[in-house]
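A.B. asks: Based on the sequences and whatever the hints tell you, model everything.
Chains as they are written, first to last, in our numbering: chain Z, 32 to 283; chain F, 32 to 283; chain R, 32 to 283; chain B, 32 to 283; chain G, 32 to 283; chain H, 32 to 283.
Any given hint might turn out to be false.
To be verified - Using 20 Å as the maximum straight-line C-alpha spacing, the simulated PhoX-like pairs for lysine-lysine come out as follows:
hint, chain 1, residue 1, chain 2, residue 2
1, H, Lys116, Z, Lys114
2, R, Lys190, R, Lys114
3, G, Lys114, H, Lys114
Source of the hints: derived by calculation from the structure; they are not laboratory data.
Number of protein chains: 6
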Amino acid sequence: MQFQRIDGREPRDLRNIRFTRGVNRYAEGSALVEWGETKVICTASVEDKAPAFLRGTGTGWVSAEYAMLPRSTHQRMQRDISKGKLNGRGSEIQRLIGRSLRAAVDMPGLGERTIWIDCDVLQADGGTRTASISAGFVALFDALRWLRAEQKISSIPLKTQIGAVSAGKVDGVMMLDLCYEEDSRAEVDANLIMTGDGSFVELQGTGEGGVFTRAELDEIVSLGWDGISAIHKMQRECLELTEEEKKLFLSC
Amino acid sequence: MQFQRIDGREPRDLRNIRFTRGVNRYAEGSALVEWGETKVICTASVEDKAPAFLRGTGTGWVSAEYAMLPRSTHQRMQRDISKGKLNGRGSEIQRLIGRSLRAAVDMPGLGERTIWIDCDVLQADGGTRTASISAGFVALFDALRWLRAEQKISSIPLKTQIGAVSAGKVDGVMMLDLCYEEDSRAEVDANLIMTGDGSFVELQGTGEGGVFTRAELDEIVSLGWDGISAIHKMQRECLELTEEEKKLFLSC
Amino acid sequence: MQFQRIDGREPRDLRNIRFTRGVNRYAEGSALVEWGETKVICTASVEDKAPAFLRGTGTGWVSAEYAMLPRSTHQRMQRDISKGKLNGRGSEIQRLIGRSLRAAVDMPGLGERTIWIDCDVLQADGGTRTASISAGFVALFDALRWLRAEQKISSIPLKTQIGAVSAGKVDGVMMLDLCYEEDSRAEVDANLIMTGDGSFVELQGTGEGGVFTRAELDEIVSLGWDGISAIHKMQRECLELTEEEKKLFLSC
Amino acid sequence: MQFQRIDGREPRDLRNIRFTRGVNRYAEGSALVEWGETKVICTASVEDKAPAFLRGTGTGWVSAEYAMLPRSTHQRMQRDISKGKLNGRGSEIQRLIGRSLRAAVDMPGLGERTIWIDCDVLQADGGTRTASISAGFVALFDALRWLRAEQKISSIPLKTQIGAVSAGKVDGVMMLDLCYEEDSRAEVDANLIMTGDGSFVELQGTGEGGVFTRAELDEIVSLGWDGISAIHKMQRECLELTEEEKKLFLSC
Amino acid sequence: MQFQRIDGREPRDLRNIRFTRGVNRYAEGSALVEWGETKVICTASVEDKAPAFLRGTGTGWVSAEYAMLPRSTHQRMQRDISKGKLNGRGSEIQRLIGRSLRAAVDMPGLGERTIWIDCDVLQADGGTRTASISAGFVALFDALRWLRAEQKISSIPLKTQIGAVSAGKVDGVMMLDLCYEEDSRAEVDANLIMTGDGSFVELQGTGEGGVFTRAELDEIVSLGWDGISAIHKMQRECLELTEEEKKLFLSC
Amino acid sequence: MQFQRIDGREPRDLRNIRFTRGVNRYAEGSALVEWGETKVICTASVEDKAPAFLRGTGTGWVSAEYAMLPRSTHQRMQRDISKGKLNGRGSEIQRLIGRSLRAAVDMPGLGERTIWIDCDVLQADGGTRTASISAGFVALFDALRWLRAEQKISSIPLKTQIGAVSAGKVDGVMMLDLCYEEDSRAEVDANLIMTGDGSFVELQGTGEGGVFTRAELDEIVSLGWDGISAIHKMQRECLELTEEEKKLFLSC
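C.D. replies: Okay, structure coming up:
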């Protein structure tokens with residue numbers, strides 16, 4: 032096929048992706064993901080307190096925050112605190128990360144605790160939100176392991192594995208896992224967050240200057256699911272699952 | 032069929048919807064939408080200046096803001112300004128409204144102007160974002176008419192008609208246009224924004240405590256398109272299109 | 032008489048004023064006032080908690096907030112939250128509304144509760160603060176009725192009826208109830224807030240570029256009292272007082 | 032007469048008042064006022080730029096800011112910046128000071144300049160706003176003198192002398208110039224800002240838990256005018272007017 | 032010696048310094064310092080509550096805040112609240128004042144209380160932070176006396192006397208106590224905070240465009256200690272120590 | 032010697048320190064420093080614009096920002112933007128970094144540009160400010176090289192090499208380069224910032240609950256200079272200086 036992506040990939044190819052666990056010595060779970068040139072550091076912090084609206088319910092919460100270092104981008108960006116307000120895009124992304132990772136956890140099983148997932152982008156080359164969710168899941172699972180090791184919970188309250196990827200249409204070609212340059216030229220851009228058995232936790236498709244048909248939506252979903260399956264496999268390998276944990280992942 | 036929704040509707044039914052134009056005497060375009068018990072007032076304000084990143088390009092912009100009156104909800108909410116920051120949910124919604132309505136306009140045809148779409152929720156009973164987009168389109172079209180009537184532009188730079196609706200799964204039943212009580216119980220919740228010819232401008236599906244399959248996604252899309260077709264018709268009637276404008280809507 | 036106001040009124044005339052109750056399905060009391068082209072929606076929300084400085088005193092509070100929709104004015108205004116601070120004028124007005132409506136209520140009779148009066152200006156053509164106070168009184172009274180109907184209080188703790196109007200000197204002529212265009216040309220501008228028996232709760236007179244004499248103050252007060260008497264009557268009619276309530280209004 | 036005020040004054044008495052000019056070596060005008068135990072330092076700063084809305088009109092502006100030192104009050108107050116927002120009361124007061132002092136100046140004669148009046152309360156014992164206006168006038172006049180001495184303007188653009196005082200009803204007795212303890216017990220509280228010839232620039236009367244009649248308003252005005260006449264005299268003496276300036280004060 | 036400083040002083044000379052106690056009638060301690068043309072008013076306010084991190088420890092805290100009046104400087108500065116954030120320099124200075132004055136107090140002896148030291152600069156001519164610390168000590172000591180007089184503590188929990196001064200190199204000459212014009216030309220600028228027995232509580236030396244050697248550091252320290260000894264003496268005289276207190280100062 | 036530090040070091044030992052350049056693909060200069068368990072990523076971003084106060088002077092500026100990731104510390108910290116204000120400690124540190132690095136650059140030689148140094152702490156174990164300055168210098172030098180390579184400047188405007196280290200007294204022992212646990216127990220804590228020839232750019236010594244004598248200051252300075260000499264060597268090695276650059280470092 033003559034078509035060639037900017038970085039030489041085929042349309043269905045993911046970039047080179049590497050998850051590294053344990054990159055922060057204080058956090059109950061942490062993971063650095065290098066996803067092509069996108070680099071995000073995720074930490075999972077356990078707080079022994081649920082948010083106010085859950086007090087007394089015996090139920091916990093997962094909350095996410097997302098930010099970019101000022102020079103994670105081609106041009107240096109001003110920090111939120113210098114501008115005095117949370118950036119709208121960042122606010123939207125951290126809400127998405129939080130919703131996606133809450134789907135992974137059985138909240139009554141977590142008990143009245145909050146797990147904070149902090150996603151800080153060291154370098155951005157497209158796909159920072161899907162990289163954050165995918166690495167956030169790894170950090171989150173390690174925090175759940177820590178809770179059991181500390182005997183604060185009796186079993187790991189995992190509901191499902193969560194992975195995420197982007198897909199879109201660039202110059203008329205449907206492709207998986209857009210880098211920044213592709214993303215900024217895309218006519219259609221979608222983010223898919225899916226469970227281990229291929230169900231959606233969240234699907235966001237946006238026509239960026241363009242629109243998309245139902246047939247194109249189907250194509251995006253197929254591409255996405257292939258990509259997420261591969262991500263799921265990398266997460267499991269990186270997590271070095273015990274036999275017992277493997278069963279947990281299979282059954283959920 | 033025995034199944035009955037809270038308000039007696041069938042799963043495929045929209046609520047009673049009424050658009051009223053010209054509800055604000057100063058705005059270049061305005062519309063009040065009463066969508067069941069949800070009430071949103073949308074104004075379109077023309078500013079003779081494009082945002083900084085477009086200066087000198089001859090190209091315009093559509094920007095949206097969304098807010099809820101404090102007692103638009105069951106419990107009074109504190110105003111954003113009292114809390115000192117823009118509410119994350121509101122920020123996410125106004126970004127969605129802006130993206131959706133920008134798809135309706137040919138920006139070079141608009142020229143270096145900004146059209147501000149303000150969506151203020153007087154009363155909320157679910158579906159405020161899709162009501163805002165649908166009524167925002169009406170206000171926006173009237174502002175484009177105003178620009179031509181004032182001879183600031185030579186033709187109406189409409190790219191496509193935009194309508195929006197929600198759909199979701201409640202108590203295991205897939206249904207269209209959720210009211211608040213349904214929405215707060217929903218396992219899956221989606222917002223669809225579509226053009227006159229049935230393409231997507233934006234699709235957001237979220238598992239709220241649950242997940243959804245590809246088959247369910249298909250069902251949501253079918254329900255949604257039926258609903259949006261009806262919304263599109265109401266918008267056109269309310270706009271009292273001239274013959275020339277009808278052609279414009281058909282061709283775009 | 033040759034003199035003619037912008038909108039054809041005589042100097043002593045009020046604009047057409049209409050109060051509509053029950054415009055919000057969630058609020059314990061609500062009223063829309065259409066006062067010429069000025070339109071304000073007021074809601075009264077009951078909170079079962081007094082402000083911190085009253086805790087433990089058995090005494091309640093009435094607190095007001097005032098805001099304008101961005102396109103309530105000729106030129107679109109930026110929202111407070113976008114500018115990051117409460118507008119000084121708005122802050123001054125909501126303090127005035129709060130003080131004025133607190134005069135209507137016997138606070139020990141209210142008990143340790145707060146009634147929030149939210150005044151949101153849909154369209155502004157002068158006199159928004161007096162319209163807010165006058166319609167706020169209607170919403171407030173309905174909230175007091177609700178408290179008694181809910182048997183949270185045994186009798187309606189009304190101290191007095193409150194109405195408000197503006198008056199001023201425009202082009203050398205003293206006149207009642209200034210619309211925006213008159214207000215912006217006024218040499219003297221006053222706001223009067225009065226009780227059912229013609230006493231002042233608040234009187235604010237301001238020389239706008241001009242000054243005013245004691246004789247002119249007297250004239251303003253006479254004009255204002257005539258106007259407020261008419262407002263008081265409209266409030267009572269709109270409230271559809273029972274015989275018992277009529278006695279309450281008479282006696283206070 | 033048996034009636035005795037807290038500090039031994041008669042109802043018609045002002046407290047001991049002393050204005051001291053030139054208390055700040057950098058400001059173009061400055062005055063410290065010691066008004067009983069209330070102490071306010073006012074500076075007038077000339078900026079060679081008018082606010083945005085006046086650019087190109089040849090016309091200037093007077094703008095005021097008001098703040099209290101944290102321990103100017105019985106209990107230490109948190110600073111505005113620590114709370115992150117301008118205090119509503121302070122915002123209302125500085126708007127009043129600004130409006131009042133703008134009445135003193137012929138703005139075209141000032142030219143495209145801003146005079147900033149900063150009123151910082153060192154110690155508060157009631158009447159800080161009227162003390163600020165009265166001392167602000169002194170600082171303002173010295174700044175106008177400076178402008179002429181610097182030959183930036185050819186004559187002093189004074190329209191009128193401005194003085195201010197409070198009056199109110201305490202324990203059923205009408206009295207002039209309330210100290211804090213009287214003020215916090217007052218049933219009626221008024222602030223009067225008047226010109227050299229006894230016209231009002233601003234009049235604000237508030238029923239604090241009470242109301243007031245037209246007859247009581249008349250009494251307040253009479254008391255106030257007596258007090259302001261005395262203030263005017265002190266201002267003139269403190270300003271050490273030249274013969275030419277005395278004529279200016281007489282004629283305006 | 033031919034060398035002459037701007038204001039005629041010798042390099043080793045302090046400016047004229049005067050401390051005045053009791054300048055605020057409400058504060059538990061207060062002092063005005065006039066240090067050449069620099070004037071700072073310091074109040075010490077006792078709060079019967081320790082900060083959150085000390086609750087339940089039986090230990091107290093000293094906290095400082097520092098601000099400048101808008102026209103304390105040659106050019107009027109905008110207030111922090113108008114800019115919406117605490118000025119970085121001010122934040123740094125108030126942290127220094129707090130650290131320095133905490134060194135003076137035995138915190139367990141103070142008990143679970145906070146003493147707030149507010150330093151408000153009326154006029155700035157260099158050395159405002161050292162003037163604030165030196166006068167803050169005086170206000171603080173009076174607040175400690177007040178606590179004992181009120182029998183809230185049984186003895187004055189003084190650990191040491193604290194004084195502060197600046198020194199630096201200007202035009203190649205090492206000198207004590209820089210005024211603003213010297214400070215803005217200085218190659219090296221240092222602030223020394225020292226105890227009664229000549230130990231350092233804090234030492235900050237900064238090359239302002241220049242650097243400094245160890246030998247120059249020694250010279251700065253010698254100059255500084257001479258200056259602080261004189262400050263200490265003035266503080267003690269101003270405090271009118273009793274015999275018992277003199278012993279306390281000697282022994283600590 | 033029997034004395035042993037927490038991590039087995041001798042009092043005069045630095046921790047293991049490693050600088051890695053080029054860790055950010057977009058920045059004009061970047062360095063990661065791993066300093067024991069402290070990890071800071073520094074980027075240098077060139078902006079072709081000087082701050083407002085330098086416009087038109089032909090002179091540039093170096094500005095620093097410092098922040099900690101939320102889980103860089105033992106306990107997760109809230110982000111500044113969530114609290115709505117810049118942390119006082121962070122504000123003080125970024126001012127110190129900026130002053131220190133400005134000493135390295137000949138500003139007229141830089142031209143009207145700003146170099147932004149962003150220091151983001153990934154993991155904190157004491158000494159983050161000195162690590163930031165030391166790694167910031169490396170990033171800064173690479174940005175200067177980039178400017179010359181791009182022919183925006185004709186020679187590298189280096190004034191001097193800058194290195195920094197902490198020293199202090201812990202449990203009565205004077206030691207170099209405190210880790211967090213030592214720092215939190217320290218009686219005296221100092222930060223030294225020094226040039227290539229052993230002059231001070233900045234020296235900050237603080238008695239933390241204690242005080243320090245002149246003799247102890249001397250000891251701190253000796254310890255510090257030894258440490259900084261070693262840091263300087265590591266910076267030069269990491270920078271892989273050309274022969275020409277070595278001369279530049281020697282001569283400055």
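A.B. asks: With reference to the structure, classify each hint as holding or not holding.
C.D. replies: Consistency of the hints with the structure:
Between Lys116 of chain H and Lys114 of chain Z the CA atoms are separated by roughly 10 Å; this keeps the pair inside 20 Å, and the hint holds. Proposed proximity of Lys190 of chain R and Lys114 of chain R is contradicted: the alpha carbons are some 39 Å apart, above 20 Å. Note on Lys114 of chain G and Lys114 of chain H: the hinted pairing holds, with a Cα-Cα distance of about 17 Å set against a maximum of 20 Å.
Consistency with the previously given hints fails for number 2 only.
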